[in-house]
Structure formats: C-alpha cells, structure tokens
Amino acid sequence: MNILADTVHENAAQKTETVLGADELVINMGPQHPSTHGVLRVKLKLDGERVVGSECVIGYVHRGVEKIAENRTYQQFAPYVDRMDYVSAVSNGLGYCEAVEKLLVVEAPPRARVIRTILAELQRIASHLLWLGTHALDIGTLTPLFYCMREREEILKIFEKYCGARLTTHAFRIGGLQYEAYDILEKDVERFCNSFEGRIQQYSDLLTSNSIWIGRTRNVGLLNSADCIALGASGPILRASGVKWDLRKSMPYAAYDQYKFEISVGMRGDTYDRYMVRLEEMRQSRLICLQAIENIPAGPIMARVGRVLKPPAGEVYHAIEGPKGILGYYIVSDGSIQPYRIRIRPPSFINLQALDKTIRGHLVTDVVAIIGTLDIVLGEVDR
Amino acid sequence: MADESKAPHSRESSQPEVSGSSPAPPAAGASLPAPAPLQLPLDNELSRRYRHRFSPAILNALEDRKQSILIVDATQLVEIARYSRDEEKFELLEDYTAVDWPRREKRFDLVAQLYSFTHNTRLRLKIPLGADEQPSTLVPVWPAANWLEREIFDLFGVVFRGHPNMKRILLPDEWQGHPLRKDNDILQQDTAWVRENLGIERGQ
Chain L
94 MNILADTVHE
104 NAAQKTETVL
114 GADELVINMG
124 PQHPSTHGVL
134 RVKLKLDGER
144 VVGSECVIGY
154 VHRGVEKIAE
164 NRTYQQFAPY
174 VDRMDYVSAV
184 SNGLGYCEAV
194 EKLLVVEAPP
204 RARVIRTILA
214 ELQRIASHLL
224 WLGTHALDIG
234 TLTPLFYCMR
244 EREEILKIFE
254 KYCGARLTTH
264 AFRIGGLQYE
274 AYDILEKDVE
284 RFCNSFEGRI
294 QQYSDLLTSN
304 SIWIGRTRNV
314 GLLNSADCIA
324 LGASGPILRA
334 SGVKWDLRKS
344 MPYAAYDQYK
354 FEISVGMRGD
364 TYDRYMVRLE
374 EMRQSRLICL
384 QAIENIPAGP
394 IMARVGRVLK
404 PPAGEVYHAI
414 EGPKGILGYY
424 IVSDGSIQPY
434 RIRIRPPSFI
444 NLQALDKTIR
454 GHLVTDVVAI
464 IGTLDIVLGE
474 VDR
Chain S
5 MADESKAPHS
15 RESSQPEVSG
25 SSPAPPAAGA
35 SLPAPAPLQL
45 PLDNELSRRY
55 RHRFSPAILN
65 ALEDRKQSIL
75 IVDATQLVEI
85 ARYSRDEEKF
95 ELLEDYTAVD
105 WPRREKRFDL
115 VAQLYSFTHN
125 TRLRLKIPLG
135 ADEQPSTLVP
145 VWPAANWLER
155 EIFDLFGVVF
165 RGHPNMKRIL
175 LPDEWQGHPL
185 RKDNDILQQD
195 TAWVRENLGI
205 ERGQ
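These protein sequence lines are chains L and S, in that order. The numbering used here numbers the first residue of the first sequence as 94 and each following residue consecutively. The numbering used here numbers the first residue of the second sequence as 5 and each following residue consecutively.
A hint or two may mislead.
[Claimed, not checked] Here are the computed lysine-lysine pairs in the DSS-like style, where the Cα-Cα straight-line distance is at most 27 Å: (1) L:K337 / S:K93; (2) S:K171 / L:K136; (3) L:K136 / S:K110; (4) S:K70 / S:K171; (5) S:K70 / L:K450; (6) S:K70 / L:K337; (7) S:K93 / L:K160; (8) S:K110 / L:K342; (9) L:K450 / S:K171.
[As the list claims (entries may be wrong)] Taking CB as the label site, the calculated pair distances span: (10) L:R361 / S:R53: 51 to 57 Å; (11) L:E246 / S:E49: 51 to 57 Å; (12) L:R243 / S:G134: 39 to 45 Å; (13) L:S302 / S:R57: 51 to 57 Å; (14) S:D136 / L:V119: 32 to 38 Å.
These aren't lab readings, by the way, just hints derived from the structure by calculation. The C-beta atom is built at its ideal place from N, Cα and C for all residues, glycine as well.
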C-alpha cells in the first residue's frame, strides 16, 4: 500500500503514513476522466472529501521523443516537437529552431525573428484561450468555452493561411522561415487584435467578479513563490505567486527586446491569481503583436545554413518562455548530421510535480480546478 | 546576462562549418567534444570561487557557445549543489538530465541546468558517472529534482542514492531496459511486457 511514496516535498518522514486510517479512502482519478485534460491518472488519498495525499501516474502517451531525435537529422526532428505540447506547436518549434541555431552559431535574419515573434505570441493567446475555456468548463461554467474557441479559431485561421496547418504547424525552419508572410498577414493580425480587446473584456465580465467563480478559485491551490521555485514551477504559475520574472524580458530571444510589454504578476498564488495573470498575458501578447506588425523589417527570411546541417561538436541549452513555462532544449552534437542527444525541458512535466503540494487539504472538487489551473498538456508531460 | 548575451556571433567561424554537403555517417559514441574555438576554458570570478572552495572536485571549467559549464566530481555533488543554491544563488534547478557515452570510461554525464534569479545567469553542472556509480539525490536541495531523477533512472538506469521514491515514471514499473542508453536500439522494446500486457505479438 505504498501509494503515497511520491509525496516527498518536505522529508522522508511522510513516507511512514502508508497505513490507511479508519476514514481514509484511495480513489483513482483518471486516466479516462474529462477534467484531467488527457491521460493523467491521479491516485487520491482522501479523508472524507478532503485530499490528504496524492500520486500522479503518467506515461500513458510516452512516445520516446528524445530517442527518436537521436535517430533523425536536425531538420527531420523539427516536426516532432510540435507534437509534444500540441496546443502550442509554434512555441515548441521556435524553441527548437533557436536552440539548433545557437548550436550552429547562426542567427535568423531580423525579418524572420519578427514574424516568429508575431506567430509565437498568437500561439500564446491561443494556448491561453484553450486553457481558459476548458478550465472554466471544469469549474462549471460552459459559456466561456464557446467564446474562447471562437477567438482561437481566428488565430488558427491565420496559421492556416501562413503555413497550411492549424495545430501541428511546423511553421519555422532552422535558420529562419520557409514561408514568406502572406500578403495580408499584418491586416489579419491587426483585425484579430482589434476585435480581441473587447473579447477579453467579455471573458473578464463573465468571470472576474462572478461570485461563483471567485468562490471556486479564490484561495484554492495556493502555491507561494518559494515553493514554486523549489519545485521548478515556471510560467504563469510562478508569476501568479508574485515573482516578476519572464524569460522574454530577462533573456530576450526572437525579437522580444524590441517591444514594450509588462510582466503580469499575482499576489497570493491561488487559482484566481493564475487566472488573472493569464488574462493579462493575453492582453500583453496582443500589444506585442500590434507593435510587431507595425514594422516588419524587409529582407531575407532565411540565414545561410547548409542543406545538410552538421553543427560543430559541442552542446547548447536554450530556453524560451513558452505559454506554460520555461521550455528548454539541451542539445549535444558530436559533429555528425544527427543530434547526439536532445533533452527537452518540458514545462508541463515539471509544473505537474507541484500538484501534490497544491491539492493537499482541498476537496475533491478543487482537485479538478487545480489540475486545470496548472495548465498541463499530457502530450508534453509524457513526450 | 553573463553567459547568454545576444552578442553577434562570429559569422566566419560558422559559415564553412555548416555548409558542408557530404553527409558523414553518424559517429556513434564519440568522446568528449574536441577542443574548438567554440569551447574555451572558463576562467571567471564564478569558476574561481568554485575552484577555491571545492578545488579537487571541480574537474574542469569551460565555456561552450558562451555558456558556462562546470565539470564536477560526483562525490561532492550535494555539497556543491547546496553551495550553488545558497551562496551563488542558483535558486532554480531548471533541468536535470543525463547523456550516455558508452565508450567513455565514465559512461554517463549527469547534466544539471541551474538558473539564478538574483544574477540572471545560467550555469551547467556536468557530473561524469561510472556505469555502476550511484550519485546522491538532489531532492533535499531542490525538490524539483524528484521527478527529474526518476526520469533519469527510468530512461538511463542511473540509481540515485537517498531518493525518496526511486521508481520508473514514464515507462511501466515492470519494464525491462533503459531506452535512452545508446546500446538500446530504437526498435528494441520489452517484448515480453508488450505481449503480456497489450496482447501484441510484435510491436512496431
């Protein structure tokens, strides 16, 4: 019955509580459960309705992405990264292409970097929209889902016009872009951004001061900044706990150093704050897009990289601020055409580690809210 | 921004390297990266402080593509980790993984990416490890290491001493083999497990 052996944040002392008390009960949540957003299984140890311990069981969709990488060339592997966090494929591709570019010691031309930034920010909005819709649905309000899907559709249409794919886009290439921006990309983005401002306000009107929403999210799933950092949780979760830190600011990549935007932070680190942080991030992403389309520099979209990529032997670690947190790529090259090792630092996997700490003491209904607020994608957790 | 600065890279060094069009066969199990202009010995304040404090345990310090790397002996890993967190303010264990070099005397490299919010810098610790060596767990220093070490155990078979729950995380508990080892072929799988649990005679 060593079901709780995973709950080890403080010390090994907790390992001793393996015997069930009189009122304690172990239930399985998932892997087929609509609120787990995929095939996540959580073993919950309950005292009545209250969670006293938990263990995550993951790996149901483990595909061995890192092993596949070692048997492909650098370009061949690029589409695979789209399939990890399949709701933010553009961001995954951005991180991967930039990491390989660093390994090759080349830089994408300015025009490519700006277009990348625009698409990556649209992807951030799309990812947050999907999160908001499903998170609200988990908690019990159905309406935002339809609204969020409506706006997300606009973004996916822009992707489709740009590169032909909607979800697993493979939008970028190592060294820049394959496709030139289509004629009215700026107009499409502008039209979306203009309408989106009012749309965010709609979500906000629906939820922000809704007393049921506040009741279900305020003080639920508290995670303070020290715990976030100790557990490695990043992205909106870290910012909601009050840490004003964003890789786009602290180690700018793509073209983020050219644009003005604010880092949104919360105070308490509860589910409500994480909601507010993501809502504000969507507003900021919209501002970045508007700034970026104003001045897309002319010029080439591909750097001069060979048809066969043979990075000099060595290694590089490059991380970007993905919609869900730090998305890092650690690539080791032995000088051949195939990577010797690619390690992907998945934000969802590491954020999910905070689940146990976060749900302890809460009711089972809150577990649903907390899984939603961590914003995980199981394709990335399991890779 | 010490190691990650966006300084323009030297284009001369990169161009001839990448435009070669003759695909060479991948060299399986190469040794440590050969010295090239991209890799330089690291000699800055940070590395000097580490060397001063843990002199014999810091095996090497180098810089690869402007990123700082310390090669660290496994025996002093926990002390160095604790020092990194408390004194050098590398509060975040951003990533922890391994690389397999089967032809090397010390087969594995554990690779920890550290990030400092205070100084906005990254540092990479690389810990060479023999095939049967059991490094100490970093969970008491960075709780984030918990699942990351389980993943290393799962995919590489490195057992961490003192880890609170050293079992597989991505693959099934009964699975035989560690897929990210270089001697594990990409088509290789635990056929017995697959037959028994999935009812498939031959996978792939």
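Going through the hints against the structure:
1. With a C-alpha separation of about 17 Å, the suggested pair K337 of chain L and K93 of chain S falls inside the 27 Å cut-off, and the hint holds.
2. Between K171 of chain S and K136 of chain L the alpha-carbon distance is near 16 Å, which keeps this suggested pair within the 27 Å criterion.
3. Distance restraint check for K136 of chain L and K110 of chain S: the Cα-Cα separation of roughly 39 Å exceeds the 27 Å cut-off, and the hinted pair is therefore not satisfied.
4. A distance of roughly 36 Å separates the Cα atoms of K70 of chain S and K171 of chain S; the hinted pair therefore is violated under the 27 Å criterion.
5. Between K70 of chain S and K450 of chain L the CA atoms are separated by roughly 37 Å; this puts the pair beyond 27 Å, and the hint is violated.
6. A distance of roughly 26 Å separates the Cα atoms of K70 of chain S and K337 of chain L; the hinted pair therefore holds under the 27 Å criterion.
7. Distance check on the hinted pair: K93 of chain S and K160 of chain L sit about 33 Å apart at the alpha-carbon level, beyond 27 Å; violated.
8. Note on K110 of chain S and K342 of chain L: the hinted pairing is violated, with a Cα-Cα distance of about 39 Å set against a maximum of 27 Å.
9. The hinted pair formed by K450 of chain L and K171 of chain S meets the criterion: a straight-line CA distance of about 20 Å does not exceed 27 Å.
10. One distance hint, 51 to 57 Å for the beta-carbon pair R361 of chain L and R53 of chain S, is violated here, with the actual separation near 37 Å.
11. At roughly 53 Å, the beta-carbon separation of E246 of chain L and E49 of chain S lies within the given 51 to 57 Å, and the hint holds.
12. Checked against the hint of 39 to 45 Å, the pair R243 of chain L and G134 of chain S fails, with Cβ atoms roughly 58 Å apart.
13. The hinted window of 51 to 57 Å between S302 of chain L and R57 of chain S holds, with their beta carbons roughly 54 Å apart.
14. Between D136 of chain S and V119 of chain L the beta carbon distance is about 37 Å. The supplied range of 32 to 38 Å therefore holds.
The structure is inconsistent with the numbered hints 3, 4, 5, 7, 8, 10 and 12, although it conforms to all the rest.
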